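Novice: The chain contents come next:
There are 4 protein chains.
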Amino acid sequence: MTVVIVIDERADQDQLDRVIDLAASAGSDLRVHNRAVLSASGDRDAVAAALAAEPAVLSVTRIPAPHVLASSEAKLGALSTVALGECHIGPAGFTVIAGPCSVESGEQLLEIAAAVRDAGCHALRGGAFKPRSSPYAFQGLGREGLELLAEARAMTGLPVVTEILDVRDIEDVADSADMLQVGARNMQNFTLLRELGRLRRPVLLKRGLSATVEETLLAAEYVLEGGNEQLVLCERGIRTFENSYRFTLDVGAVAVLKERTHLPVIVDPSHAAGTTSLVIPLALAAAAAGADGVIVESHHDPATAMCDGKQALPVTRLPELMSRLSLATGAAGRTMHPSVAGRRKVRMLRGEPVGAFPVAAARFVEN
Amino acid sequence: MTVVIVIDERADQDQLDRVIDLAASAGSDLRVHNRAVLSASGDRDAVAAALAAEPAVLSVTRIPAPHVLASSEAKLGALSTVALGECHIGPAGFTVIAGPCSVESGEQLLEIAAAVRDAGCHALRGGAFKPRSSPYAFQGLGREGLELLAEARAMTGLPVVTEILDVRDIEDVADSADMLQVGARNMQNFTLLRELGRLRRPVLLKRGLSATVEETLLAAEYVLEGGNEQLVLCERGIRTFENSYRFTLDVGAVAVLKERTHLPVIVDPSHAAGTTSLVIPLALAAAAAGADGVIVESHHDPATAMCDGKQALPVTRLPELMSRLSLATGAAGRTMHPSVAGRRKVRMLRGEPVGAFPVAAARFVEN
Amino acid sequence: MTVVIVIDERADQDQLDRVIDLAASAGSDLRVHNRAVLSASGDRDAVAAALAAEPAVLSVTRIPAPHVLASSEAKLGALSTVALGECHIGPAGFTVIAGPCSVESGEQLLEIAAAVRDAGCHALRGGAFKPRSSPYAFQGLGREGLELLAEARAMTGLPVVTEILDVRDIEDVADSADMLQVGARNMQNFTLLRELGRLRRPVLLKRGLSATVEETLLAAEYVLEGGNEQLVLCERGIRTFENSYRFTLDVGAVAVLKERTHLPVIVDPSHAAGTTSLVIPLALAAAAAGADGVIVESHHDPATAMCDGKQALPVTRLPELMSRLSLATGAAGRTMHPSVAGRRKVRMLRGEPVGAFPVAAARFVEN
Amino acid sequence: MTVVIVIDERADQDQLDRVIDLAASAGSDLRVHNRAVLSASGDRDAVAAALAAEPAVLSVTRIPAPHVLASSEAKLGALSTVALGECHIGPAGFTVIAGPCSVESGEQLLEIAAAVRDAGCHALRGGAFKPRSSPYAFQGLGREGLELLAEARAMTGLPVVTEILDVRDIEDVADSADMLQVGARNMQNFTLLRELGRLRRPVLLKRGLSATVEETLLAAEYVLEGGNEQLVLCERGIRTFENSYRFTLDVGAVAVLKERTHLPVIVDPSHAAGTTSLVIPLALAAAAAGADGVIVESHHDPATAMCDGKQALPVTRLPELMSRLSLATGAAGRTMHPSVAGRRKVRMLRGEPVGAFPVAAARFVEN
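Here the protein sequences come in this chain order: A, B, C and D. Residue numbers for the first sequence follow the numbering used here, beginning at 1 and rising by one. Residue numbers for the second sequence follow the numbering used here, beginning at 1 and rising by one. Residue numbers for the third sequence follow the numbering used here, beginning at 1 and rising by one. Residue numbers for the fourth sequence follow the numbering used here, beginning at 1 and rising by one.
Hints in this document: simulated from the structure, not taken from any laboratory. Being a predicted model, the structure only gives us computed values, none of them experimental. Treat the hints with caution; some may be incorrect.
[Unchecked claim] Derived DEER-like restraints, expressed as beta-carbon distance ranges:
id	chain 1	residue 1	chain 2	residue 2	range
1	B	Glu171	C	Lys310	38 to 44 Å
2	C	Leu76	A	Gly333	54 to 60 Å
3	A	Glu171	D	Gly342	50 to 56 Å
4	A	Pro314	B	Val32	39 to 45 Å
5	B	Arg317	C	Lys310	33 to 39 Å
6	D	Leu79	C	Asp43	53 to 59 Å
7	D	Asp29	B	Asp43	25 to 31 Å
8	A	Arg168	B	Leu76	54 to 60 Å
9	C	Asp45	B	Glu144	37 to 43 Å
10	C	Lys310	B	Asp43	19 to 25 Å
11	B	Arg317	A	Pro314	35 to 41 Å
12	A	Gly333	B	Asp43	49 to 55 Å
13	B	Thr316	C	Lys310	51 to 57 Å
Don't be surprised by glycine CBs; every beta carbon is placed ideally from N, CA and C.
Go ahead and model the full structure; you've got the sequences and the hints to work with.
Specialist: What follows is the structure, encoded as structure tokens:
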């Protein structure tokens with residue numbers, strides 16, 4: 001059992017030092033994660049007793065595994081919010097990220113991006129570097145894909161999420177994307193996680209296809225321990241014996257994660273579905289179970305998609321997805337984030353600057 | 001591949017005989033399931049060509065496994081409705097069945113039953129015969145439990161669902177219950193399924209804890225083939241590597257089943273959850289994914305429950321469950337069934353007879 | 001935790017009563033399984049201390065789940081032997097049971113049975129009642145199959161193992177077979193297990209396709225608690241995500257079971273393999289991991305088998321199986337049982353009666 | 001379906017070009033993997049017909065997934081051998097690799113290494129870079145560990161296997177180790193696989209904990225496609241619902257892999273076992289099922305091991321492992337490789353040079 005000790009951030013160094021000394025003698029393996037969070041191994045009650053007279057100590061709790069910084073206990077039950085452009089993934093609103101499995105061309109990406117924005121979705125996804133089971137499958141456009149994503153962001157105002165595969169690409173990807181996605185197959189690529197912990201850019205960490213909830217939180221801990229607190233988890237289906245769809249969407253894990261961690265949790269219904277007709281039901285299930293958002297593969301012409309077309313939601317169905325999601329999120333006591341256009345309208349009404357986005361949009365429509 | 005041939009029920013015997021002859025020569029293993037449904041092995045297009053001139057033939061389709069009678073194709077895409085007392089599980093409304101894991105005493109059962117009815121749930125569950133992993137665990141009250149269920153039904157007006165374990169108990173259970181439940185561990189107890197096929201009483205068939213969707217439909221086929229069409233399927237979580245809850249609720253299977261079968265599909269969130277806090281999120285996920293109902297373990301005093309108390313939803317939370325479910329079902333384009341009380345009120349307004357139920361309820365309240 | 005108390009069988013009633021009283025006050029839920037084995041819930045050390053002065057108490061140990069009678073602790077580490085005709089499944093020798101998936105005809109069965117005997121295998125398997133996923137698949141010859149099995153037993157001298165599906169068939173099956181097999185899909189058919197516990201005939205209990213080792217031992221406990229100690233367990237592959245064979249043979253479970261139970265453990269490599277070429281490697285793996293025997297589907301003409309022909313080992317390969325198994329059992333510190341013919345030879349050399357078997361064999365050869 | 005075309009390596013460029021042209025017109029997606037192996041998508045029979053008159057074409061076969069270079073078909077059924085120092089993993093003999101989970105100190109490593117060599121094992125394993133679920137667990141000695149491994153190799157004559165985690169460490173690891181291991185969690189770290197494909201140093205690729213056999217072969221294809229043919233696969237247990245051991249050792253996958261690939265396949269029984277008592281039974285099962293070797297965690301003092309001590313085989317049990325393995329390999333029609341000492345003796349008898357190893361060994365013994 002790991003004991004988590006949360007300290008008032010306003011405590012001075014003397015107070016902090018005294019807490020550290022007392023905790024170190026009451027427990028073992030004391031670790032100072034940051035100014036607000038310590039942890040130790042040992043008996044929670046003994047540690048709590050040793051710290052009883054310390055006013056700077058806000059809480060002493062016990063967690064089942066050493067995912068200290070990811071635990072709800074480390075934030076005293078408060079929920080974190082992670083920026084994705086102007087949208088904030090977290091308790092304030094439900095976030096919908098949509099876009100193609102992989103960036104195929106500028107035309108393809110812009111057509112999809114415009115539809116994503118027009119449907120009121122909040123961010124654009126698209127793979128430039130694609131991890132593929134076979135070395136002979138399409139591996140993505142690489143750096144060219146990154147440039148197209150940056151261009152789509154400029155033209156639509158949508159923030160961009162894309163996958164990072166190689167530690168040596170981190171800077172390039174961080175230059176083009178608002179959020180770096182770690183795919184399921186890399187969830188325990190600790191080398192990559194550690195480097196992303198050093199970055200100051202939001203990260204989306206997908207659960208491995210047979211990773212337990214605990215292992216997912218420990219993978220998150222690698223990023224948090226490096227000091228990068230802008231982290232979102234993503235459930236995307238686990239591998240089971242069932243083969244009537246691609247992966248088993250684990251809504252139970254979503255509900256458990258919402259209890260155990262302060263980090264936002266979103267869901268990828270597309271990879272779990274493996275087929276278009278299941279995408280919306282799974283997205284709705286995720287929202288009703290309490291997820292903070294979904295990331296959906298969508299394409300303007302699934303039949304010609306270079307990758308995963310079978311599971312792509314046609315962009316023409318995005319409005320249906322959005323309106324049904326707004327009902328499902330209600331069941332979970334949540335509301336949808338306003339759309340990019342909605343935010344602009346509010347700003348215009350307030351007389352605030354709104355940027356070049358309408359022009360870009362117009363230019364796109366002209367194409 | 002199995003080819004399903006649907007025939008107009010108004011066809012006369014000559015027409016039927018001709019279709020049978022033609023189908024038998026175009027395919028192999030011809031089987032006459034009933035006057036409306038035939039099946040054969042072979043090439044769908046060849047069979048369709050052979051039957052092209054037969055006006056009585058309504059459709060010739062292909063299904064991946066021989067669950068002919070369970071298939072959506074056998075009903076031309078129409079959805080079945082299964083009676084549960086006055087409530088009808090199926091497309092007309094979302095059904096909530098609630099009650100204790102096992103019947104423990106008359107007092108316990110009636111207290112819970114009244115709360116179930118008052119919350120607006122539609123039916124009462126409760127185990128009289130309990131299948132338990134260990135021979136030393138509480139095995140249920142048996143026949144005494146059946147009598148208590150019948151009494152609770154009489155007093156509350158709620159129809160009753162209870163589990164059947166032994167073919168030799170079928171008559172007794174059918175006398176006391178409105179719907180007989182086959183538990184997950186008996187999903188492939190073909191002896192039991194066959195006997196239930198001969199019964200004319202609704203059956204609730206739970207998916208085995210590692211049964212595929214196909215196997216579930218084939219188990220259903222055993223009941224349907226016997227002539228019992230009053231059958232409801234139930235997803236209750238599958239066994240996977242994850243251990244942060246009890247079983248992995250498979251919302252994907254719900255969505256797939258709704259595509260492949262005309263049978264109603266409900267969900268048991270309680271056994272999947274294994275812990276109270278997850279029950280409502282999982283129930284909401286099921287409703288949003290398109291389930292036709294849920295069956296929830298609920299208890300007035302979970303701490304003292306003789307079985308599965310850890311996962312029982314306190315009856316005081318049933319109203320919250322009902323109101324949130326009505327939002328989640330909206331996302332799936334559904335509405336909730338009216339409550340028993342609601343039905344009575346409608347009848348009274350119409351001047352129809354409403355039975356002894358208010359008295360019974362009153363008597364209960366006096367206790 | 002369950003505490004197991006083993007008592008010297010020679011203890012008199014007074015001694016036993018005193019032990020019962022003392023154990024009941026030191027632990028809770030005291031249970032007298034039989035004259036030699038008690039169990040209680042509670043702290044092992046407290047119970048042991050209470051019984052320290054009782055000479056009739058041979059051991060007080062702790063087991064992780066309440067499979068008291070199945071536990072190694074209940075037999076003080078000794079291993080059980082279960083009779084299968086003249087062969088004894090257990091530590092004295094490795095047992096090979098072979099035969100067709102299902103009895104198809106007298107000719108088929110006798111041809112296979114003769115080959116099984118001639119290869120030196122120890123018993124004949126064959127299904128008369130077949131549990132099939134689909135109601136439309138061949139369900140076995142039923143009672144006619146039982147008669148054919150009895151005939152094959154008479155003609156070859158091989159004891160017979162066959163499956164029991166329905167509690168109402170137990171007497172008939174017990175009349176024709178030396179060992180009644182409970183299939184994987186019925187492992188938690190507690191009604192059936194309880195009835196078999198009342199029988200005095202050997203039972204072969206197959207592990208469910210997603211049953212844990214603990215659940216398997218608890219299912220065994222149902223039979224043992226009824227007083228039937230002639231019980232053999234069988235690992236036959238579990239359901240996982242892998243699909244390059246039929247089920248995942250769990251040799252780890254074999255090794256764990258050999259540590260946790262005194263019951264013999266055999267392995268069915270055929271259902272795990274799903275394809276002929278994998279059967280021998282899996283059988284060898286089972287033997288090397290410490291199994292007490294294997295049960296193998298074998299057919300004289302797999303291409304025409306009415307069921308599971310794809311995984312049937314041609315009878316012509318049985319000699320190879322036997323000779324390679326004798327090497328693999330050596331790695332586990334075991335030897336093979338002598339063949340039926342070998343036993344007869346030993347008896348003839350000793351001047352003991354050998355029965356009508358050679359005549360029967362001759363008659364068969366004449367056919 | 002992928003069609004594999006194997007060409008005589010002695011074919012001249014004209015012949016090769018003609019085969020390429022013909023194959024490209026008969027199939028699609030033609031790919032020239034190397035001078036001996038082409039592949040195409042399409043109908044095998046059509047491609048074979050197009051190439052029927054080409055004498056340089058040795059075979060045209062069909063495989064279920066695009067793991068062309070890893071397939072048995074690409075080598076016409078011949079089995080590959082991969083050098084590990086003087087030992088050769090492959091059909092000529094069974095290979096045993098043993099050593100600690102992680103290198104902890106020079107003293108620890110040398111004591112274990114000497115015992116590994118003295119027991120007749122063929123190679124030393126030991127982790128310098130350790131992938132750990134938690135960022136707070138011991139992560140290995142890093143470069144210092146590599147130096148200790150090189151020293152142990154020099155002193156014992158044993159070749160060394162160690163894990164590589166980070167593409168940026170490849171050169172360093174390749175300098176110290178004879179074989180680079182890719183761990184299960186990195187099996188689909190395609191960045192790493194691709195870099196190892198460019199290396200000319202043997203690689204040991206562990207199956208991911210929920211990777212299918214097909215995905216494992218496709219991961220291998222990444223390395224082979226880069227031109228590195230020195231590749232060994234390793235089954236190490238998969239993740240299932242069973243929790244009475246750590247992972248489910250998949251002996252069925254070993255048997256399937258031996259049919260589908262020419263690459264050697266070894267087994268890690270230690271991670272599957274998770275506990276010492278199961279290691280030898282699982283190793284024996286692997287050998288009997290046809291594995292080409294085992295890699296076993298072994299320690300001189302498991303109780304103090306910094307990592308995975310619970311599953312470490314005490315070095316004092318290595319002789320038992322070796323002698324029982326030699327029986328189990330016999331069942332699979334195999335023999336054990338000679339030990340390092342055995343090889344030296346043969347060389348000395350032949351008057352060949354044997355190097356400084358005895359001195360080193362002596363020095364070690366003096367410590």
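Novice: Give a verdict on every hint.
Specialist: These are the hints, each one checked on the structure:
no., hint, verdict
1, B:Glu171 with C:Lys310: 38 to 44 Å, "holds, 41 Å"
2, C:Leu76 with A:Gly333: 54 to 60 Å, "holds, 58 Å"
3, A:Glu171 with D:Gly342: 50 to 56 Å, "holds, 53 Å"
4, A:Pro314 with B:Val32: 39 to 45 Å, "holds, 41 Å"
5, B:Arg317 with C:Lys310: 33 to 39 Å, "violated, 51 Å"
6, D:Leu79 with C:Asp43: 53 to 59 Å, "holds, 57 Å"
7, D:Asp29 with B:Asp43: 25 to 31 Å, "holds, 29 Å"
8, A:Arg168 with B:Leu76: 54 to 60 Å, "holds, 58 Å"
9, C:Asp45 with B:Glu144: 37 to 43 Å, "holds, 40 Å"
10, C:Lys310 with B:Asp43: 19 to 25 Å, "holds, 23 Å"
11, B:Arg317 with A:Pro314: 35 to 41 Å, "holds, 40 Å"
12, A:Gly333 with B:Asp43: 49 to 55 Å, "holds, 53 Å"
13, B:Thr316 with C:Lys310: 51 to 57 Å, "holds, 56 Å"
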